[in-house]
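Colleague: Using the sequences and the accompanying hints, generate a full structural model.
Protein chains in written order, with the numbering used here: chain A, 3 to 360; chain B, 731 to 1028.
What the hints contain is simulated information worked out from the structure, not anything from laboratory work. Keep in mind that a hint or two might mislead.
DEER-style ranges, computed between Cβ atoms [said to hold, decoys possible]:
{"id": "1", "chain 1": "A", "residue 1": "S272", "chain 2": "B", "residue 2": "P824", "range": "21 to 27 Å"}
{"id": "2", "chain 1": "A", "residue 1": "A193", "chain 2": "B", "residue 2": "K976", "range": "24 to 30 Å"}
{"id": "3", "chain 1": "B", "residue 1": "Q895", "chain 2": "A", "residue 2": "V233", "range": "33 to 39 Å"}
Where a beta carbon is used, it is the ideal one built from N, C-alpha and C, also for glycine.
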Amino acid sequence: MKHLLGLIVSLVVSLVFLTSALAFLQAQTSVSATFVPFAQAKQKADQPKKEESKADSTKKAEPKKAEVKKGEVRKQAVAAKRLIVRGRAAVVPGEPNPQVLQQYRPMLWAEYHLARNVCDLSLDQRKAIARDAEHAFQEAIAKSGMNPQMGFRVAGGGANQRHEPDDSIREGLSKAVKDHLKPEQLARYQAELDKRAANRKRVTVDVITAKIDESLILTVEQRDKIRESLVTNWKESWCPSPESFLFNAQMVPQIPDQFIVPILNDTQKSIWRGLNKFAGANFRVFGFMGNNMANGDTPEDDPLREAREAETKAREEARTKREAQQKNEAETKKADDDAKAKAKLRELMQSKKTKVAK
Amino acid sequence: MFLIRSLTRTILLTLGLLLVAPVFPAYAQEDPDIVDDVPQANEAANIVNFGVNDATFDQWVFGNSLQAPNASAARVRIDSSLDLQIASLSGVTPLSELQKKKLRLAGRGDIKRFFDRVEEKRARFNLVKNDQNKFGEFYQEIVPLQASLNMGLFRDGSLFFKTLQSTLDSEQAAKFGKLQEERQRFRWKAKVELVTDLWVNTLGLDDERRRRLVDTILAEVPTPKALGQLDYYFVMYKLSQMPDEKLKPIFDETQWKSFDRQLNQAKGFQMFLNQQGYDREDLADSSPKVKAGPEKKR
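Modeller: As structure tokens, this is what we get:
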């Protein structure tokens, strides 16, 4: 009986102590917590310590690791860090980001199909153009070092302003097509490019005029005057991607007042002044069609598909070869360093023996 | 002796309970790995600390549609828009002072109705702005307000529009109707050309194919009463209603294969566009059915 009583008392006291301790700790935190079993938590806490001690012992046991060229390591680390955004894995420096490739791929399709239809290309021409275009395309994106989170970069100003990587891609693709055309094909292709550029300018001006009309309720005369003013003074930097109006209709490009305000009445002027106008960089519908047309919806014919697969495979093989070479160099360096270290040690031992003998 | 034994038992029991009991939260917080395994703790903290700025409501309702920072600025903008509507009408056909007064009154009625709806939603916003669970669903309640502003407060169905029909004589109404139709046609054509240009830069359509596509859309799809924020999806949806025979000849085989797949996707846009405020009549299938041969099901 006594023993039983003692046991009960011990149990009660233990429970009271435990409950008080828990209540005290809960009061320190502002939330009601869910507890992880202690054993599991302990296991996780111990794991890094176990790994550290294992690493330490491994370090001691292994010989000193070879040094890789410091400059290369630092460059790779900086490049990799630059490419890590929001937890995405870094793309190997010098290689095109797969997502950026997908987003920009419509540019390649457009150039290829335009040339194919306008120039009536032979199969050999199609294969050659697809091959060179794919290479130029992937090379331009690789050189840009672009990842999906970056916007395009604007460099230079005035007539020399460039939008990258768009301009580089366009130039590369255009060259890849033109290099394989006969003179009469080239003339037809260039004529189509000129029509496309002229149409794009006209469409952009019309869309912006329609947007201004929506906000300012223009008369027909005002609308025609604004349209004419924009066509005459147009700068592509005002709105590089008019497609943005299809998805964000409320934005107004930052068009200088001098081309619009003189045509407006007083009420319209006060509304125009109150509108938020956005710089050209905001008018970028980037990647919509490329992302929309993934998973087999693409207008790839056989030459395009074969060129893409071949280029990707070639880059993969080049990268594997490069990595193997770097690994060989590192191992050779390690062996050299080991040999030098051993020679130095032998020298030291010899000189000590000599001193002792003396 | 008894006391010593009891004490020993107490200590042993306490240690035993500690071994099987949950770990303390302080311990959990020190180890980031364990914190990751305690999502409810973090969620509870977020719920307690959750709160949305009052300015967010105005930004959602007015910021995107009117680029107005708040309700007052939006009201000024909409009032000016009403003046412009009446001025535009006067420019086409002279209006008497009484007609202008009636139209102004009707327009203000539309503005008041709209802002009454805004205040109703603002009251709802104030109830949920500190409740993360309820707030997540609230944004959908704002969408109809945004749609109203995007489509315009004085369009078909508004007090302004009804007053216009009853106030103007037949000659005035005809001139105004023509003006509105022409304005809407210009906007619609600009959007159609833009969508086509998107496909030019994706599929590499040459100039002739581009013109044929634009002409086909303008001929087959009636000019919609109102356009909105998602006109790409609207155009694609209307294209998806057209028979293949109208569109397929415009593209080459590879281009058509891709374009047809996009049209298949577009068939499902109706409900989405409806929610965004696109007119039901505009969304209705207006394409004439081709009589020869069975209709291809996508």
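Colleague: Hint by hint, work out which the structure violates, then give me just those numbers in ascending order.
Modeller: Of the numbered hints, all hold.
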